[in-house]
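Same order as they appear, the protein sequences are chains A and B.
So the first sequence is numbered by the working numbering: it starts at 1 and just counts up by one.
So the second sequence is numbered by the working numbering: it starts at 1 and just counts up by one.
Hints may be right or wrong, so weigh each one.
Each pair of labels, with its calculated beta carbon distance range [as the list claims (entries may be wrong)]: (1) ARG254/A / GLY36/B: 29 to 35 Å; (2) GLY322/A / GLY200/B: 57 to 63 Å; (3) PRO193/B / ARG254/A: 40 to 46 Å; (4) PRO156/B / GLU125/A: 16 to 22 Å; (5) SER45/B / GLY143/A: 22 to 28 Å; (6) VAL32/A / ARG198/B: 51 to 57 Å; (7) GLU128/A / ARG197/B: 50 to 56 Å; (8) GLY36/B / GLY76/A: 52 to 58 Å; (9) PRO156/B / ARG21/A: 31 to 37 Å; (10) ALA41/B / LYS364/A: 38 to 44 Å; (11) PRO193/B / ALA269/A: 44 to 50 Å; (12) ASP25/A / GLU322/B: 56 to 62 Å.
Derived by calculation from the structure, the hints in this document are not laboratory data.
All C-beta atoms in this analysis are idealised placements derived from N, C-alpha and C, irrespective of residue type, glycine included.
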Amino acid sequence: MAREVGIVGVGITKFGEVWDRSLRDLGLEAGVKAINDANIASEDIDALYVGIMSPGMFLNQEHVAPLIADWVGVAGTHIPATRVEAADASGGLAIREAWMAIKAGLYDIVVVGGAEKMTDVGDEEALETLSATVDQEWEAFFGATLPSLYAMIARRHMYQYGTTREQLAAVAVKNHKHGSMNPDAQFQSVVDLKTVLSAGPVAEPLGVFDCAPFSDGAAALVLCEWEKAKRISQQPIKITGSGQAGSSLSLSARRDITTFASTSTAAQAALKMAGRTLSDVQVAEVHDSYSIAEILAVEDLGFCKKGEGGAFVESGATALGGRIPINTSGGLKARGHPLGATGIAQAVEIVYQLRGKAGARQVKDAKVGLTHNVGGTGGTCLVHVLEGGA
Amino acid sequence: MVQGGVQAAEKIGIVSYGACIPRLRIKTQEIAKVWGKDGDAMAKSLNVHSKSVPGWDEDVITISVTAARRAMYRADIDPARIGAVYVGSESHPYAVKPTATIVAEAIRAAPNLTAADFEFACKAGTAAMQAAMGLSKSGIIDLGIAIGADTSQGAPGDALEYSASAGGAAYVIGRTGLIAEINHTCSFTTDTPDFWRREGQHYPSHGGRFTGVPSYFRHVAAAAEMLMGAVKTKASDYTYAVLHQPNGKFPVRAAKQIGFTDAQIKDGLLTPFIGNTYSGSMPLGLAAILDKAKAGDRIFACAYGSGAGTDAFDITVTEGIEKIQRKPEETVQAMVADAHYIGYAEYAKLRGKILMAE
Numbered sequence: 001m002a003r004e005v006g007i008v009g010v011g012i013t014k015f016g017e018v019w020d021r022s023l024r025d026l027g028l029e030a031g032v033k034a035i036n037d038a039n040i041a042s043e044d045i046d047a048l049y050v051g052i053m054s055p056g057m058f059l060n061q062e063h064v065a066p067l068i069a070d071w072v073g074v075a076g077t078h079i080p081a082t083r084v085e086a087a088d089a090s091g092g093l094a095i096r097e098a099w100m101a102i103k104a105g106l107y108d109i110v111v112v113g114g115a116e117k118m119t120d121v122g123d124e125e126a127l128e129t130l131s132a133t134v135d136q137e138w139e140a141f142f143g144a145t146l147p148s149l150y151a152m153i154a155r156r157h158m159y160q161y162g163t164t165r166e167q168l169a170a171v172a173v174k175n176h177k178h179g180s181m182n183p184d185a186q187f188q189s190v191v192d193l194k195t196v197l198s199a200g201p202v203a204e205p206l207g208v209f210d211c212a213p214f215s216d217g218a219a220a221l222v223l224c225e226w227e228k229a230k231r232i233s234q235q236p237i238k239i240t241g242s243g244q245a246g247s248s249l250s251l252s253a254r255r256d257i258t259t260f261a262s263t264s265t266a267a268q269a270a271l272k273m274a275g276r277t278l279s280d281v282q283v284a285e286v287h288d289s290y291s292i293a294e295i296l297a298v299e300d301l302g303f304c305k306k307g308e309g310g311a312f313v314e315s316g317a318t319a320l321g322g323r324i325p326i327n328t329s330g331g332l333k334a335r336g337h338p339l340g341a342t343g344i345a346q347a348v349e350i351v352y353q354l355r356g357k358a359g360a361r362q363v364k365d366a367k368v369g370l371t372h373n374v375g376g377t378g379g380t381c382l383v384h385v386l387e388g389g390a
Numbered sequence: 001m002v003q004g005g006v007q008a009a010e011k012i013g014i015v016s017y018g019a020c021i022p023r024l025r026i027k028t029q030e031i032a033k034v035w036g037k038d039g040d041a042m043a044k045s046l047n048v049h050s051k052s053v054p055g056w057d058e059d060v061i062t063i064s065v066t067a068a069r070r071a072m073y074r075a076d077i078d079p080a081r082i083g084a085v086y087v088g089s090e091s092h093p094y095a096v097k098p099t100a101t102i103v104a105e106a107i108r109a110a111p112n113l114t115a116a117d118f119e120f121a122c123k124a125g126t127a128a129m130q131a132a133m134g135l136s137k138s139g140i141i142d143l144g145i146a147i148g149a150d151t152s153q154g155a156p157g158d159a160l161e162y163s164a165s166a167g168g169a170a171y172v173i174g175r176t177g178l179i180a181e182i183n184h185t186c187s188f189t190t191d192t193p194d195f196w197r198r199e200g201q202h203y204p205s206h207g208g209r210f211t212g213v214p215s216y217f218r219h220v221a222a223a224a225e226m227l228m229g230a231v232k233t234k235a236s237d238y239t240y241a242v243l244h245q246p247n248g249k250f251p252v253r254a255a256k257q258i259g260f261t262d263a264q265i266k267d268g269l270l271t272p273f274i275g276n277t278y279s280g281s282m283p284l285g286l287a288a289i290l291d292k293a294k295a296g297d298r299i300f301a302c303a304y305g306s307g308a309g310t311d312a313f314d315i316t317v318t319e320g321i322e323k324i325q326r327k328p329e330e331t332v333q334a335m336v337a338d339a340h341y342i343g344y345a346e347y348a349k350l351r352g353k354i355l356m357a358e
């Protein structure tokens, strides 16, 4: 019988502008929290994977996997420590790499961390680094930044499907409301539609509240082979499906920029592996790096028809208490978006939900959850299906 | 208490004060228009609606001299009594050659005195006040003049361009004839590089949002706590409060955090109309308060300098305030109201931003 994989420990730092702590401090906090949550010793850990996008550009620091291993306290056992990069899908990809290694029988217990320290540089440098996720020759060279590309996607979506500015704003309003219930979120304040609509432009039609912030933060998971997971954990969460898909890096090479084929492909693969359909999913964390990105996500994952994502969000279907609560953590918008940490943070939120430990934002009786993590404008997409109560 | 062999005085405080604000102004909307920004939104978010601009013949020296002369005149002070002239600024016209010597000569206090220029971003003027307090209180000098003045720089198009302005205030510090007693002063200093300008650079660099919470707000709150802890006061004990004003938003928020009301801070809040006068900012706000203060009024004053530090002062106005000249037409508010608005083209010319023939 094929080996299966469970999550037996989670840890996360509060996201935000963490001026007084460095990358290693954040990695240490998340890693140690996850290891303590799993109630394992450092000698039990077989390997470490670190999802991080650009410590080189943000901090002039490469080779961060051994650094984090050292600070988490596992360097002494000389375990393999590997850095994984796929833009802001680095965290999701790190989960998949660790999952594959356990499936393959190489390791039993693996710590997967994700982190980014974005505020040690100024806003302009941070935007430049963020925009390193797009095609430098065909996009960035001509002045396109990541938000400007998402703005183009939004414009096209509005033109093609009649999506409104208010529907984009509804994503931010909902996610801020969810974030207000998450003590680890960067923004824990609610905003109203008027505030979102009147905020200054970033790349029209996207305003300040349509964009995830620059954030510092880290998150970590302890993954474990399932039979062992059941022995060491009271409440292991099983990773029942993992899907990864790709697309062209440049938007110009796509037939249609209002859909991310990598999302639908990865989702179908993950759900098929889990033996689930989308209607089984009770809670999802999706990649709302921009408000339009959440609308694309709900459509491409299949929660609603193509072109109806705006109305779907506006209807309240994706809010807590709605048909399918999405981004109960506050999402990238309100929880914060430390690029490499995001994919891991999504899994942490789903684990909280499936353990029934999500506090005020708990989705009742959640048994099946999904994470959706996108790199850049969809060149990479990771989808995971997580299940509790096994 | 004996310091350096001389008897330290019981009291130390302000003997007189003077202010100077250039009358040229540029509106936030006018600057925003040039850079394609929403001027109304910018003015609202910074709470800066216009800023002062130094004219062709105005610099830190002329502003310092004017403020010092006004201070001398206001209390009819004999220049021979001045034992120190300190000028705090980050825009001294000369990199090497003091501003303070020119001020000392201009008020006829030279040559029997000490003089020096101070620099600590926006709190150099209050650092000068503290130094003058020490010299006077210890009996080494009779009176000292401390000046905070700037014609601050902001790179074209940068956020600072909307606030960096010009102005200054001078304080005569001494032991007798006080108009306001400085009950206590304390400082909170760390190495926090939120804003800097290296040798030879035209414009300063800043850490964006890093200038907020870990810099301005942390240092202001810490100094306030330290000062009020030392003199055992609470925010409501003060008639007035004035903080450094990098924009119109930070001081309002910081004051609220400390526990001050809008009524306590409104008289010293000048940045919404004249911009950030850097080393002149808190000293000018304090001058505006002294223009209307009555004996017994208690004032909380706190300057912030990037880099970073805060100087906080607990001040009680004395009966002496009634004995000096406070003409309505010479108040800080009168200077704020005496505004002549210019466009960006003239502003660019005056600030040396037009590339001239060699």
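For each hint, the structure was consulted:
1. ARG254/A / GLY36/B: 29 to 35 Å: holds, 31 Å
2. GLY322/A / GLY200/B: 57 to 63 Å: Check passed, 59 Å falls within 57 to 63 Å.
3. PRO193/B / ARG254/A: 40 to 46 Å: holds, 44 Å
4. PRO156/B / GLU125/A: 16 to 22 Å: The hinted range 16 to 22 Å holds for PRO156/B and GLU125/A, with Cβ atoms some 20 Å apart.
5. SER45/B / GLY143/A: 22 to 28 Å: holds, 26 Å
6. VAL32/A / ARG198/B: 51 to 57 Å: violated, 40 Å
7. GLU128/A / ARG197/B: 50 to 56 Å: violated, 23 Å
8. GLY36/B / GLY76/A: 52 to 58 Å: holds, 56 Å
9. PRO156/B / ARG21/A: 31 to 37 Å: Given range 31 to 37 Å: holds, Cβ gap about 35 Å.
10. ALA41/B / LYS364/A: 38 to 44 Å: holds, 42 Å
11. PRO193/B / ALA269/A: 44 to 50 Å: Given about 49 Å between the Cβ atoms, the range holds.
12. ASP25/A / GLU322/B: 56 to 62 Å: Holds, at about 57 Å.
In this structure, the earlier hints numbered 6, 7 are contradicted, and the remaining ones agree with it.
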